[in-house]
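Asks: Chain residues, written in single-letter form:
There are 2 protein chains.
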Amino acid sequence: METLHFEELAVGDRFETGGRTLTRAEIIAFADRYDPQPFHVDVEAVEDSVFDELVASGLHTMAIANRLVTDDFYAHTSVMGGTGIEDANFLAPVRAGDTLSVRVEVVEKRPSASKPDRGLVTVEQTVTNQEETPVMTLRITSFFRRRSASDS
Amino acid sequence: METLHFEELAVGDRFETGGRTLTRAEIIAFADRYDPQPFHVDVEAVEDSVFDELVASGLHTMAIANRLVTDDFYAHTSVMGGTGIEDANFLAPVRAGDTLSVRVEVVEKRPSASKPDRGLVTVEQTVTNQEETPVMTLRITSFFRRRSASDS
Numbered sequence: 001m002e003t004l005h006f007e008e009l010a011v012g013d014r015f016e017t018g019g020r021t022l023t024r025a026e027i028i029a030f031a032d033r034y035d036p037q038p039f040h041v042d043v044e045a046v047e048d049s050v051f052d053e054l055v056a057s058g059l060h061t062m063a064i065a066n067r068l069v070t071d072d073f074y075a076h077t078s079v080m081g082g083t084g085i086e087d088a089n090f091l092a093p094v095r096a097g098d099t100l101s102v103r104v105e106v107v108e109k110r111p112s113a114s115k116p117d118r119g120l121v122t123v124e125q126t127v128t129n130q131e132e133t134p135v136m137t138l139r140i141t142s143f144f145r146r147r148s149a150s151d152s
Numbered sequence: 153m154e155t156l157h158f159e160e161l162a163v164g165d166r167f168e169t170g171g172r173t174l175t176r177a178e179i180i181a182f183a184d185r186y187d188p189q190p191f192h193v194d195v196e197a198v199e200d201s202v203f204d205e206l207v208a209s210g211l212h213t214m215a216i217a218n219r220l221v222t223d224d225f226y227a228h229t230s231v232m233g234g235t236g237i238e239d240a241n242f243l244a245p246v247r248a249g250d251t252l253s254v255r256v257e258v259v260e261k262r263p264s265a266s267k268p269d270r271g272l273v274t275v276e277q278t279v280t281n282q283e284e285t286p287v288m289t290l291r292i293t294s295f296f297r298r299r300s301a302s303d304s
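Chains as they are written, first to last, in our numbering: chain C, 1 to 152; chain Y, 153 to 304.
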């Protein structure tokens, strides 16, 4: 597959990733290290939270989504690194056994004002579970390399 | 220490966390699992990126910051779970050997419109390295339990 550069990404372009199923052990291991709230690591403690059972850390959902998007989208592009994440909304709980996948849509692009070899592209990620319920949305902006004069 | 409930958190309140030093092995292990871009996992590949050496995934910085804030702030509060993250900006590279710490400031609070037992509090996190350089800022909104009538 040809590498998609800044020039080949257009607002409205959509991509879909494959799926990834989370286990209870993974949910607890991630939260134990990075987000050790009782409702992410302790089945008995969820009754004091807003949840009715053990749920994945929102950061874990973001991380899993990022891996899917990296494998199935970024890997085929000239991405050079991210600059920021906007409007990450945790819309529904992610539970053990859920299978997540991500829809990616290009929502904005602009050339870099100072560096002619790159441009900024914002994509919206919508993470859904196996029932097509959206569990998280976010927008992430990254630099993508432009084609050099020698490419054309 | 008394648990800080919604009522005890005021806009302008500030908290600081302890520090955490990242190793090269940790940076690579996190990225290998969740953000396998060459510039996060392969020292030789950084020259094709916007970076001049191996840097931590922005998601890794968010995760480390969240752990620090959980241990040193959330653990002393009535937090019930997060609803979203806004305006996460990756301001400077995080490299192996860097020691990160987080300043937390309460920037907004409001009662829940539908659930009288909780309120929403937005905090701004500023993550700095050992040279006091800000490497990331973000705002996160979470539910915090209110004191019940029987508490007063």
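Any given hint could turn out to be false.
[Unchecked claim] Example chain C residues on the side facing chain Y (calculated, C-beta under 7 Å, incomplete): (1) Y34; (2) D35; (3) P36; (4) L59; (5) N66; (6) R67; (7) H76; (8) G82; (9) G84; (10) A88; (11) N89; (12) P93.
[To be verified] Non-contacting residues of chain C with respect to chain Y, defined by C-beta distances greater than 12 Å in every case (computed): (13) L4; (14) R14; (15) F39; (16) D71; (17) G97; (18) E105; (19) E108; (20) T126; (21) E132; (22) T133; (23) R147.
[Unchecked claim] Have a look at the derived ranges for each label pair, beta carbon to beta carbon: (24) C/D87 / Y/D184: 23 to 29 Å; (25) Y/D184 / C/T23: 14 to 20 Å; (26) Y/R291 / C/E105: 19 to 25 Å; (27) C/R110 / Y/D224: 24 to 30 Å.
What the hints contain is simulated information worked out from the structure, not anything from laboratory work.
Just so it is clear, the structure is predicted and the values come from calculations on it, not from any experiment.
Where is the CB? At the ideal position from N, CA and C, for every residue including glycine.
Asks: Please go over all the hints and tell whether each is borne out by the structure.
Replies: Status of the hints after comparison with the structure:
1. Y34: 4 Å, holds
2. D35: C/D35 check passes; min Cβ-Cβ to chain Y is 6 Å, inside 7 Å.
3. P36: Holds, about 6 Å.
4. L59: 5 Å, holds
5. N66: Check passed: Cβ of C/N66 comes within 6 Å of chain Y, closer than 7 Å.
6. R67: Interface hint status for C/R67: holds (5 Å vs cutoff 7 Å).
7. H76: Hint on C/H76: violated, closest Cβ of chain Y at ~13 Å, above 7 Å.
8. G82: With a closest approach of 6 Å, the C/G82 hint holds.
9. G84: With a closest approach of 4 Å, the C/G84 hint holds.
10. A88: Since the shortest Cβ distance to chain Y is 4 Å, the answer is holds.
11. N89: 4 Å, holds
12. P93: 9 Å, violated
13. L4: The claim holds: C/L4 sits with its nearest Cβ about 15 Å from chain Y, beyond 12 Å.
14. R14: 22 Å, holds
15. F39: 6 Å, violated
16. D71: 8 Å, violated
17. G97: About 20 Å separates C/G97 from the closest Cβ of chain Y, which puts it past 12 Å; holds.
18. E105: At about 19 Å from chain Y, C/E105 clears the 12 Å cut-off, so the statement holds.
19. E108: Since the minimum Cβ distance to chain Y is about 15 Å, C/E108 lies beyond 12 Å and the statement holds.
20. T126: 14 Å, holds
21. E132: 21 Å, holds
22. T133: Given a closest Cβ separation of 16 Å, the condition holds.
23. R147: At about 14 Å from chain Y, C/R147 clears the 12 Å cut-off, so the statement holds.
24. C/D87 / Y/D184: 23 to 29 Å: Given range 23 to 29 Å: holds, Cβ gap about 28 Å.
25. Y/D184 / C/T23: 14 to 20 Å: Holds: the Cβ-Cβ distance is about 18 Å, inside 14 to 20 Å.
26. Y/R291 / C/E105: 19 to 25 Å: This hint holds: roughly 24 Å between Cβ atoms.
27. C/R110 / Y/D224: 24 to 30 Å: At 39 Å between Cβs, range violated.
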